[in-house]
Amino acid sequence: MKIADDQPAGLTALDRPNSYIGRSVPRPNLARLTQGRGQYVSDVVLPRMGHVAFVRSPHAHARIRRIDTEQAKKSPGAIAVVTGAELAKVITPWVGVLTHLKGIKSAPQHAIAVERACWQGEAVCAVVARTRAQAEDACALVEVDYDVLPSVTDAETALDPRTPVIHPELGDNLTFERTLNAGDPDKGFAAADAVVEATFVFGRHTGVTNEPRAIVADWNPGEQRLTVYQGTQAPHMTQNLFAKHLGLAEHQVRVLTKDVGGSFGIKVHIYADEMATVALAKLLKRPVKFVADRLESFVTDIHARDHRVKARIGVKKDGAITAFEIDDLTGIGPYSVYPRTSGIEANQVVNLVGGPYTCPNYRARARVVFQNKNVMCQYRAVGHPIATAVTEGLVELAAVKIGMDPAEIRRRNLLPDDAYPAVSAAGLKFEALSHHASLEKILKMMDYKALRAEQEHLRGRGIHRGIGFASFIEVTNPSAAFYGVGGARISSQDGATLKLDATGAVICQSGVTEQGQGTESVLAQIVATSFGVPIERVRVITGDTDNTPYGGGTWASRAAGIGGEAAWQAGKALRANVLAAAASILQADPSKLDIRGGLVVDADSGRERMGLDEVARVVYFRPDTLPPGFQAEFMTTRHYVPRAFPFAFTNGVQASYLEVDVRTGQIKLLKHWCVEDCGTVINPQLVDEQIRGGIVQGIGGCLFEHCLYDEAGQMLNANMMDYLVPMAAEMPDIEIGHVVTPTKDSELGAKGAGEAGTAGAPGCVMNAINDALRPLGAAPITQMPITPERVMTALGRT
Amino acid sequence: MGERQRDVFIRVNGEEVRERIEARQTLVDFLRDHLGLTGTHIGCEQGVCGACTVLVDGEVVRGCLVLAVQCDGAAVQTIEGISDSGLITDLQEAFHKRNALQCGFCTPGMLIGAQDLLSRGSVPSREAIR
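Chains as they are written, first to last, in my numbering: chain P, 1 to 798; chain E, 1001 to 1130.
Don't read these hints as lab results, they were simulated from the structure.
The C-beta atom is built at its ideal place from N, Cα and C for all residues, glycine as well.
Fair warning: there could be bad hints in the mix.
To be verified - Taking beta-carbon pairs under 7 Å as the criterion, some of the chain P residues facing chain E (in silico):
1. Asn29
2. Gln35
3. Gly36
4. Asp43
5. Pro47
6. Lys258
7. Gly262
8. Leu329
9. Val350
10. Gly516
11. Gln685
12. Ala712
13. Leu716
Stated by the list, open to error - Cross-link-like lysine-lysine pairs, in silico, BS3-like; alpha carbons within 30 Å at most:
14. E/Lys1097 with P/Lys317
15. P/Lys310 with P/Lys429
16. P/Lys441 with P/Lys671
17. P/Lys244 with P/Lys105
18. P/Lys592 with E/Lys1097
19. E/Lys1097 with P/Lys671
20. P/Lys499 with P/Lys592
21. P/Lys187 with P/Lys429
22. P/Lys401 with P/Lys105
23. P/Lys499 with P/Lys317
24. P/Lys310 with E/Lys1097
What the hints assert, rightly or not - Estimated spans, in silico, between C-beta atoms of each pair:
25. P/Pro150 with E/Arg1120: 17 to 25 Å
26. P/Val45 with E/Gly1058: 43 to 51 Å
27. E/Gln1046 with P/Pro76: 49 to 57 Å
28. P/Met445 with E/Gly1058: 29 to 37 Å
29. E/Asp1072 with P/Asp546: 29 to 37 Å
30. P/Arg663 with E/Phe1009: 54 to 62 Å
31. P/Asp544 with E/Glu1127: 56 to 64 Å
32. E/Arg1120 with P/Arg461: 35 to 43 Å
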């Protein structure tokens, strides 16, 4: 780390006077959202705007023989009725593959299905009308003649020779396969005193953003420009994709992202209906709006986590883990999702299993197959909840087998805190992790000994409580290794531009985006600190490809670590430029000046020299008074990308305490703890809320959320009444602790924190349930969601 | 079906609104599409998520489960009206200070629900809130 040379010895660059780093500052942009004055894309209305509704396939797999649009065209308010074949003349299809996922294959996907629909919910025809209701009326009049085809729904049989191949030109239903053999797994298992096997099954679920996906596209033929208002996490990425598939130059497309009503990875992909909407705007030469309704969200927003993992672990009597082995199978729908592919989650599972531990022997196979269900792709904590539940489930089963406490077996196997830099069996490079410090901290927070005593005591009274743990690692701050090297035009670098206005306030334009996690607040805190003004004098602008530096947006826990570092460096650069002007005005040495609290001061004494408003006044309105040859630069831009490590890995541990009602199978979550190490904590409240929100989503996958499909590929519970999301009533109090190991890759030292909660929660709750049920002779439950029915089955009481 | 319209007279945030609307239109669509009151949001469209919560004659109502024509003659309060009147200023400040919202999409509904709970008198327990 380069320590800024304007700081006294012993302090880091972050220790600026009046620093906002590490303070729980309330988010500056929040009041308007509490007043109903947000601007979500679903609120956007433009002159001449039409609304699109889609006719969607009711079948999981069907050939489209004929589409009769005559009656629909006559429907009141109808502007246009457009089929897939007609729209294909405006927008080109895409294939969701990346070169670094060796062998991954997929078929061309169209904005609207042409000839064949491959899942229930795929759009087969679009209707644009004056209102959404009129568009839906007209949709009901579109007659589609289908030939129903056999559907492939079971991932287990997708590769059988007798199973139909969904895309015959690909030869089989295999999207992607990866194998890994590290160390000597056979020797490891042979050396083990015990080998434990289990099959872990994860239910297909989704992100359920309360604001559905929304897009308004406006093609202006006079300007030859497309303006797109989109609820997305990655505006520059979608700008590139719209341009590419509409045959436009990138500068002809502007993507604006205002308030986004939840994202969680659901809004980091490009969807066929969004491509259709921009194409319709271009075709019709007027604005077109699409807002998914809740049914459309369930059958078209990406799903995730539908994995079956056969796994085993070898362990010695002294607790030493000798080998891990997994065989992962996942079905991802009929297309690999564009542009990030649907191979990443399985790839992550292979990467992450066994990741917290020293064991060098690891064998893995992951297969990703096509099926006629909605598409699957990256959702919050991609692969982590699966890999963590498998690893931690195995570790606790192994501990039971050898009669060792689950905390003790971790102590004996977690990577030592002084072993860094380190490389995992799967080849992941760790800069610095703190597994042991985190474990000891959580044991103290939960008063582990007392909790075990309480559990034992209550068991005697017929109350069945369980304690479960999950240690984990998390991929954050990804470099180009994630997508860029595979050919995806998704930026891993990000930028920040700062401008001093004429009153001494700072405008910050950033390439990362805000979807409620507090990105803009964190940026404001960083700029206020590094430049030296009160936070009220920083205004942050994000989500506009015309007016922000080129960047990747907010996903993979990258906003604070990458966008934040760019803002930090931009703040320092602007401070230097403003001090150069102030020094010129004051006839002083710039190195003896600083900016603090919005004032230019003597660096040594802190004595006020002049206000920033006065510096700005002279520079902007009386530059004639400045020395000849001096030119002030009050706009600075800095970019940042992590270079020393492909990812900034974070780590942590979670624990769950719960009670199982053995008469009903109901689970009551009593308490949840998480100790997490995300490096420098910029805003403790926001970090804690990110972790809490992540834990809640992890618990959702573990206990409640499940996209249920029948054998014909029909989703059975595509509404918020039947699809259960975790609610406040079921959630426990969640206590968060931190260990702080800053990354030396940046001056700020911040790693990501957005996904740690989701990564660890399912495995830890699963372990707690099994801990509660074990004395009753129940078989370990390794299938999620863990419903009351599954609990009763495990207890043999169905 | 689409032609069936009716005239309604609704007092919205204290302002008198006379409109001819489709009988099938929900209250939330009427507020958002006719009156531009976009603070009330649509989440699930079946009354379970609460993002569309408004007050009709002082009662908490899901805007997606009520037809606008059913509100003929009623007084409707939305987040915009309740905010401007200052009725929930302290609640809004508490939500802001404690970061009780992330994306904020359903927050107007939570605020109206919380105000309703608090207006029933005593301070509710954590269990009662849940």
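Hints that the structure is at odds with (numbers, increasing)
1, 5, 6, 8, 9, 12, 13, 14, 18, 22, 23, 24, 25, 26, 27, 28, 29 and 31
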